[in-house]
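Each chain, letter by letter, is given below.
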Amino acid sequence: MTFYRGRAIQLWVLAILLLWPYRAPALELGLSSDTIVRQLERDDRDGRSRSLLPAYEFMRFDYGNLRTPGLSFHAYGWGRVNLRDDYANNTTAGELLYAYLEYLDPNRDWQLRLGRQYIFEGVTRESLDGAYVKTDIVPTVTLSAYAGFPVNLEDTGGVRGDSMVGVRVAHSLPGRYDVGLSYKRTANNGSVDEQLLGTDVSLLLPWNVSVFGHSTLNLITAGWGEHSYEVRIPISSFEIRPFFQKYRYADFLSRNPGSANPFRVLSRFGDRVTVAGSEAFWYPAENIEFGGRYKHYEYDSRYGKADMYTALATVRRKIFSEVGVEFGRVEGDIPENRYYLGRAYVYWDIAPFFVTGDVMYVDYDEDIYRKGSAFFASAGAGGRFLEKALNVKLALDYSNDPYFDKDYRGIISASYSFAK
Amino acid sequence: MTHGTILRILCGMAAFGLLASCAGEKRYRLPVKHPQIYELGERREFCTKCHGYKKEPVDFERYNHTPLFTDSHRLVAYQDQRICALCHEQSFCNDCHVSRTELKPSIKNETENYRRMQHRGDYLSRHRIDGRLDPTSCYRCHGNPRSSQTCQPCHG
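Protein chains in written order, with the working numbering: chain A, 3 to 422; chain B, 169 to 324.
FYI, nobody ran anything at the bench for these hints, they're computed from the structure. Don't take every hint at face value.
[As the list claims (entries may be wrong)] Derived pair list, reagent style DSS-like, types lysine-lysine, alpha-carbon separation capped at 27 Å:
#, chain 1, residue 1, chain 2, residue 2
1, A, K136, B, K201
2, B, K201, A, K390
3, B, K276, A, K320
4, B, K222, A, K136
5, B, K222, B, K201
6, A, K136, B, K223
7, A, K248, A, K297
8, A, K307, A, K297
9, B, K276, B, K201
10, B, K217, B, K201
11, A, K408, B, K272
12, A, K390, B, K272
13, B, K222, A, K320
14, A, K373, B, K272
15, B, K201, A, K422
16, A, K390, B, K276
17, A, K297, B, K272
18, A, K390, A, K422
19, A, K373, A, K307
20, B, K201, A, K320
21, A, K307, A, K248
22, B, K217, A, K320
23, B, K223, B, K201
24, B, K217, A, K390
25, B, K276, A, K408
26, A, K390, A, K320
Whole structure, please, built from the sequences with the hints as guidance.
And the structure:
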C-alpha cells in the first residue's frame, strides 16, 4: 500500500497539533465510509477460472470548521483486500488520496491548505504534497499559488528532485468577465518534466450569450497544446453551445518515460487535430430534457475525418427518479473506427428504497475479436436507512462483448455517513 | 519563453487587476458550504432553480448540470473550483480526478446510473475506437505516470 512518506508524517503531526488547541464555537465531525464488495470471475493465462472477491473501503474524515470559516482537517483514501482468489496480482492495495489541513480566514479573504491535496487551478489538475494558498487580494483580483511534491511522479525514480510549483492570477468583473493566467512547472528527478502557461476566460455578452475557453502553451516545446472555446447561446427553453478545439499532440501529450506508450508515440507524430461542433439542449418542461452533441474531427496527418453524434432524452419524477435514453454514432474514416450505441436506463425512487436498470447495446461496423456487438445490462436495488445515513446497494451486471463471453458480476455496497 | 518573461507577464497581469479594481467594485465572498441538496427538498441540480438567472455576484447558470455536464464542466471548473466545492467534497471529484484508484467511477457508483459516468458498460472495446479518434480525451485523466497505470498493462 502507498500511504505516507517520512516527511509527510511530520506534516500531519504538525497539523494535528495545530488543530488540538484551536478553540472555535462550532467544531464539526464528518465521517463517510463506502464499503464495496465485488464478485466476478476471470480466466488466468493458464485457462484456470478464478473466482474473485475483492473488498474495497473508501473512507473520508472531516473535522473542524466545516461550514464556517476557520480551521479544518480533511482526509480521504481507499484500500482493497482480496477475500478469495488473488485480484490484480496484489493481495492488498490502497492509496491516501488526500489529507490536508485547511484554514479559511474569517472574512473569507484567503485560504491556506497544507498536506496532500488535489489542485484544480487553471492549467493544473494534479495531486500535490505541499501548500496551496488562494486569496482575493482586492475585490476583483484572485491570486492562487502552490508548491510541493507531485504525487504522480513519486514512483518514477523516487521523490528526490521532484517538485511542482504553480500560480494563477485572475481578474473578474462579476456579470462581465473573468480572465485568468496560470503557470505550472513540474520537475522529475531534477529535470523539468512539464512547464505550462495557460489562459482561461469567460465573457458575458448581450442577450446572456457567454463565451468560455482556455488555451495552454507548452513552454518546453514552445507550442500551443490546446485551444478550447465554447459559446453558450440561450434562446428561451433552448440552449445552443457551439465549440471549437484545436490540439497539437507534440505539445499536448507527454513524451516522458512515465507516460503510457500510446501518448508517447502520438506525441512524436506532431499531428494537429481540430474539433468543431455543438451541444444543444431543450427543456420543454421542468422535468423533461433533451440534449444532443455533434463533434467533427479533422486530422492533419493521421486518419481522415471523424464525426461523433450523441442524442439523449430524460424524464424525471422528483429529483432522483429518472428514465433516460441515449443514442450515439461514432463514424471514423474506416469501418474499424465506427459504431452505433444505444442506451436506456431507469432509476426509480420508492423511498426509502430504489430500483435501477440499465441496458446498453453497441454495434461495431467491423468485428472486434470476431464479435460485431456488445451488450451490457445492469439491475440494481437499494435502500436508505437510519435517516438516510446508511445506504445499502446491490447491483448485478451481465455483459457479452468482444472481451467477455456471458460475464456476470455482482456488487454489494454499504455507504455510511456520520455528521455531528 | 524565459522565466523572467513569465514573471513579467504575471506581474503585469496582477498590476492590471489592481488598477482595474480601483474602480471600487463591491465585495462578495462565497459561503463555505451550500446546504445539502436533500435538505432543500426535491429539487433538480439546476442552480438557477433557486438562484435565478442573475449574473452577479455569481453567474450560477453556467454551473447548471445539463445532461452533458460531466463532459464539459472543465471549462467552468478551471476558473473557480470554489464554486464546485460549495456542494462537492474533494472526494466526489476524486472518483475521476485521482492519482490512482482501481474502480472506475461507473463501478464505484454502479446504481447511480443517472450520472452518465464515463466508461459505463463495455468500454474496453469502445476505447479502441475512441482512443484512436480522440486520444486527448483519454490523456486528461490517464496522462500522468500513476493514472496511466490503468493503460500500461496492455499498452506499456
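Outcome of the hint check:
1. A/K136 with B/K201: Status holds; Cα separation ~17 Å.
2. B/K201 with A/K390: It holds: about 20 Å lies between the C-alpha atoms, which stays within 27 Å.
3. B/K276 with A/K320: Satisfied, since the Cα-Cα distance of roughly 24 Å is no more than 27 Å.
4. B/K222 with A/K136: holds (26 Å)
5. B/K222 with B/K201: holds (20 Å)
6. A/K136 with B/K223: Distance ~23 Å between A/K136 and B/K223 Cα, so the pair holds.
7. A/K248 with A/K297: Since the Cα atoms of A/K248 and A/K297 sit roughly 12 Å apart, the hinted pair holds (cutoff 27 Å).
8. A/K307 with A/K297: This hinted pair holds, its Cα atoms lying about 11 Å apart.
9. B/K276 with B/K201: Judged against 27 Å, a Cα distance of about 25 Å means the pair holds.
10. B/K217 with B/K201: holds (18 Å)
11. A/K408 with B/K272: It holds: about 21 Å lies between the C-alpha atoms, which stays within 27 Å.
12. A/K390 with B/K272: The hint holds at about 25 Å.
13. B/K222 with A/K320: With a Cα-Cα distance of about 25 Å, the restraint between B/K222 and A/K320 holds, given a limit of 27 Å.
14. A/K373 with B/K272: holds (24 Å)
15. B/K201 with A/K422: holds (16 Å)
16. A/K390 with B/K276: Roughly 19 Å between the alpha carbons, so the hint for A/K390 and B/K276 holds.
17. A/K297 with B/K272: The given pair, whose Cα atoms are some 25 Å apart, holds under the 27 Å limit.
18. A/K390 with A/K422: holds (15 Å)
19. A/K373 with A/K307: With a Cα-Cα distance of about 25 Å, the restraint between A/K373 and A/K307 holds, given a limit of 27 Å.
20. B/K201 with A/K320: holds (24 Å)
21. A/K307 with A/K248: holds (14 Å)
22. B/K217 with A/K320: holds (13 Å)
23. B/K223 with B/K201: Holds. B/K223 to B/K201 sits at ~20 Å (cutoff 27 Å).
24. B/K217 with A/K390: holds (24 Å)
25. B/K276 with A/K408: holds (21 Å)
26. A/K390 with A/K320: Holds: A/K390 and A/K320 sit about 17 Å apart, inside 27 Å.
Checked against the numbered hints listed earlier, the structure breaks none of them; every hint is satisfied.
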